[in-house]
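**Q** What follows is the residue order along each chain.
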Amino acid sequence: MRFKGFNPSLKKISKVKTGKLTVQNLVKIYGTVRAVDDISFSIQSGICFGLLGPNGAGKTTTIEMIEGITAPTSGNILYNGAPRNRDFWEQIGVQFQSTELLAFLTVRESIETFKHLYRNQVNLDQLIRLCSLEDIQHRENRKISGGQKQRLMLAIALANDPDLIFLDEPTTGLDPQSRRHLWDIVNDIKKRGKTIVLTTHYMDEAQILCDEIIIVDQGKIIAQGPPDELITQQCVGQIIRLPYDHFSKKVRQLFDSDQRFTWCMDSTNKHVLIQTQAINDCIEILLQHQTDLSRLTIRPHNLEDLFLQLTGKALRK
Amino acid sequence: MYRFWSIFIARNKEYYRDRASFGWNIVFPFLIIFGFALLFQKGGQQPYKVAVLISNDNEIHSMIQKQVCAHALFTCIPYSDKTLAIDKLNHHKLDIVIKNSPLPLNYWINTSSPKGVLSEGLLTRGCTPKKELNQRLIRQTIESNPIYYIEWLFPGIICMGMMFSALFGVGYSIVRYRQNGVLKRLKATPLTSFEFLCAQIVSRLLMIVTTNTILFTGCSFLLGFQCKGSYIHLLIFFSMGTISVISLGLIVAARIQTEELANGLLNLITWPMMFLSEVWFSIEGAPEWIHNVACCLPLSHVTHGLRRILNDGAHLSELSIEMLYLSLMTFVFLSVGSYMFKWTRDS
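Residue numbers (the numbering used here), protein chains in the order written: chain A, 1 to 317; chain B, 1 to 347.
Since the hints were derived computationally from the structure, they do not count as laboratory data. Please read these numbers as outputs of a predicted model, since none were measured by experiment. Certain hints may be false.
Short, incomplete list of chain A residues facing chain B, as computed with Cβ under 7 Å [as the list claims (entries may be wrong)]:
1. I29
2. F104
3. L105
4. L117
5. D163
6. D175
7. C235
Quick reminder that beta carbons are idealized off the backbone N, C-alpha and C, glycines included.
Use the sequences and the hints to build the structure in full.
**A** Structure representation (C-alpha cells):
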C-alpha cells in the first residue's frame with residue numbers, strides 16, 4: 001500500500017550529533033549481502049529510541065553490533081562520545097529477541113546469577129516487584145509462560161541498573177494483555193531517566209513508547225525523527241475508511257481526477273482508504289453520489305501508515 | 001572472581017536439580033562395576049565355554065569331567081545337537097566343542113577366535129601328563145599379592161565414567177547453551193570467556209569427584225576394594241586427570257553449533273580413547289604406533305596413574321611423568337579451547 005504524493009526529501013528530520021550513543025557509518029556485510037548499509041544516528045540520553053523496519057531490514061543486526069554481539073564490517077560506535085570499552089557492558093542491559101536461560105534455575109536465582117555478573121547491582125526484591133515477578137519468583141525457568149519469560153528477561157536486563165537498555169522485539173508473541181503490561185514496565189523505566197533502544201515491528205508499540213525513531217529498510221535508514229513529527233511531515237490530512245462495496249465507479253473516477261484526493265485499498269482489500277485534507281468536500285462528493293456512509297470512519301494518520309508509505313511492505317508477516 | 005562464582009553456583013544448581021541425569025551418573029558406574037564383579041570375581045563365571053557333545057541319555061565321560069570340566073577356566077555345557085554346537089562355535093558363542101569320548105580327544109575350534117585358540121592351549125595342557133610338562137616347563141608364581149582382574153578393571157571403569165562425564169557433560173552442555181542462546185545472553189555481560197570456561201571446568205570437576213567418591217566408597221563397602229596408596233594422592237591425581245579430559249571437551253565445544261555434530265565428534269574421541277587407554281584390556285605387545293597414539297591421550301595417563309596408586313600403592317612422586325603429561329595437555333587444551341571459543345552461532 002502506498003499513497004501517491006510521498007516526498008522522500010522530507011524524510012530526515014534530525015542530523016547525527018553526539019549523544020548517549022552514536023553510530024557512524026555502520027556497515028555489516030554477510031557474503032554478498034549488505035545487511036546494514038552505512039547507517040548513522042545518535043541517541044540522546046533519557047529517551048526511548050525506536051528502531052523500526054520490516055523483517056530482515058537489518059534492525060537486529062544493527063542492535064547486535066552496538067551490543068557487541070556481532071562485529072561490524074566497518075563503522076564506529078561511540079558510547080558517551082568515546083569508543084566502547086569493557087565498562088560499556090557494565091552499563092548496558094540487554095533483552096534479546098529469543099534466548100533461553102538455565103532451565104533448572106528459579107526466576108529469582110536467574111536474576112541473582114546475572115546480577116552478580118556486574119559491579120553495580122540493584123535491589124533484587126525491588127526489581128522483582130518492578131517486573132511483576134513476585135508470584136513466580138520461586139518457579140523454575142522451564143515452567144514459566146512466554147509473557148512471564150519476557151518479564152524475566154527484562155528483569156535480567158535491568159539487574160545492573162543500566163544507563164542504556166536494549167529491548168529487541170520484547171513483545172513479539174505476547175497476548176495483548178501481556179504486551180500492555182510490558183509497555184507499563186517500559187514506561188516506568190523511562191520515567192527513571194534511562195535511555196532505551198527498542199526494536200519492534202509493532203507500530204502502535206513504537207508510537208506509544210518511542211520519543212524518536214528511525215525506520216530501516218534493506219539496511220538503510222529511510223526515515224528518522226520523533227514519530228508525531230514524521231507523521232505530520234509525511235502524511236497530510238486524514239484517512240477516510242469506507243467499505244469497497246460502497247465506493248462506486250463514478251466516485252473512483254472523480255477522485256482519480258482530483259489532486260486533493262488519493263486513495264488505495266487497505267491490507268484486507270475490503271476497504272478503501274482515502275487520504276485528504278478536504279474532509280468536507282470529500283464527504284460532500286460521497287453524499288452527492290448516494291454513497292452509504294453508515295460504515296465510514298475518519299482517523300488521523302498513524303505510524304503504520306507512515307511505515308507503509310515508506311516501505312510499501314506489510315508489517316505483520 | 002564474583003562473576004566466576006555466580007556462574008559456578010548456577011551450573012551446579014542446574015546439574016543437581018536435573019535429578020534423572022544426576023542419578024544416572026551415580027548409578028551407571030555402580031551397575032558396570034557390580035556386573036563385572038559378578039563376572040570376574042574369584043568363584044564367578046569361568047571365561048571359556050566348552051560344549052561337550054553327548055547322546056541323549058549319556059553323561060559326560062569321567063575323563064572329560066576330570067581333565068576339562070574341573071578346570072577353573074572352563075565352563076562345560078552339554079550339547080546333544082552337533083550341528084547347533086558347531087554353528088555356535090562359528091558365531092563365537094562357544095570357544096571349543098569336544099566329543100564325549102575317552103582319549104584320543106576329538107575337538108573342534110574356530111581358528112579365527114582368539115578365545116578358541118587359548119581354549120585349545122588350555123585343553124592340550126590339561127591332557128598332557130604332568131611329568132612330561134615338568135620336563136619341558138618350569139613354573140614359578142609371583143610372590144606379591146595377586147591383583148584380581150576386577151581390581152585391575154576398577155580404576156579403568158572409574159576413568160571411563162569420568163571421561164564420558166567430562167567430555168559429554170561439558171562439551172555437550174556448552175554446545176546446547178550456544179544453540180539455545182544462553183551463551184549469547186552471557187556475552188552481553190562483563191563475563192569473560194575465561195571466567196565462563198573456568199566455572200564450567202570447576203563445576204564439572206566438583207561433580208565428577210563427588211560422584212566418584214560416592215562410587216568408590218560404595219564399592220569399598222560392598223566389594224571390598226582398597227586403595228593401596230594414599231587417598232589424598234588418589235584425589236589429587238584423579239582431579240588432575242579430570243581437568244585434562246574436561247579441557248579436551250572444551251576444544252570440541254569451542255565452536256560447534258549443533259548437538260548432533262558435538263555428539264558425533266565426542267563419540268569419535270571417546271571410543272578410541274576408551275580402547276587405547278587400557279580401560280578394558282592391556283595394549284601390551286601392540287604395534288609401536290598404537291603406543292604412541294595412546295601416549296597422546298590424557299585418559300591413558302590417568303588410567304595408568306590411578307592403577308599405580310590403587311593397585312600398587314604408588315606415591316605421587318613416582319607418577320611425575322604422568323603428571324607432567326597431564327599438566328602439559330591441560331595447558332594446551334585450555335589454551336586452544338579458550339582461543340577458539342565462540343559465544344554465538346554463525347549468522
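**Q** Now look at each hint and say whether the structure bears it out.
**A** Now for the hints, and whether the structure bears them out:
1. Taken as an interface hint, A:I29 does not check out: its beta carbon lies about 11 Å from the nearest beta carbon of chain B, beyond 7 Å.
2. This hint holds: A:F104 has a C-beta 4 Å from the nearest C-beta of chain B, less than the 7 Å allowed.
3. Because the beta carbon of A:L105 sits about 6 Å from the nearest beta carbon in chain B, less than 7 Å, this interface hint is met.
4. Because the closest C-beta pair between A:L117 and chain B is about 5 Å apart, less than 7 Å, the hint holds.
5. For A:D163, the suggested interface contact is broken, since its CB lies about 14 Å from the closest CB of chain B, more than 7 Å.
6. Hint status for A:D175: violated, given a least beta-carbon distance of 23 Å to chain B, over 7 Å.
7. At its closest, the beta carbon of A:C235 sits 35 Å from a beta carbon of chain B; the interface hint therefore is violated under the 7 Å criterion.
Checked against the numbered hints above, the structure violates hints 1, 5, 6 and 7; every other hint is satisfied.
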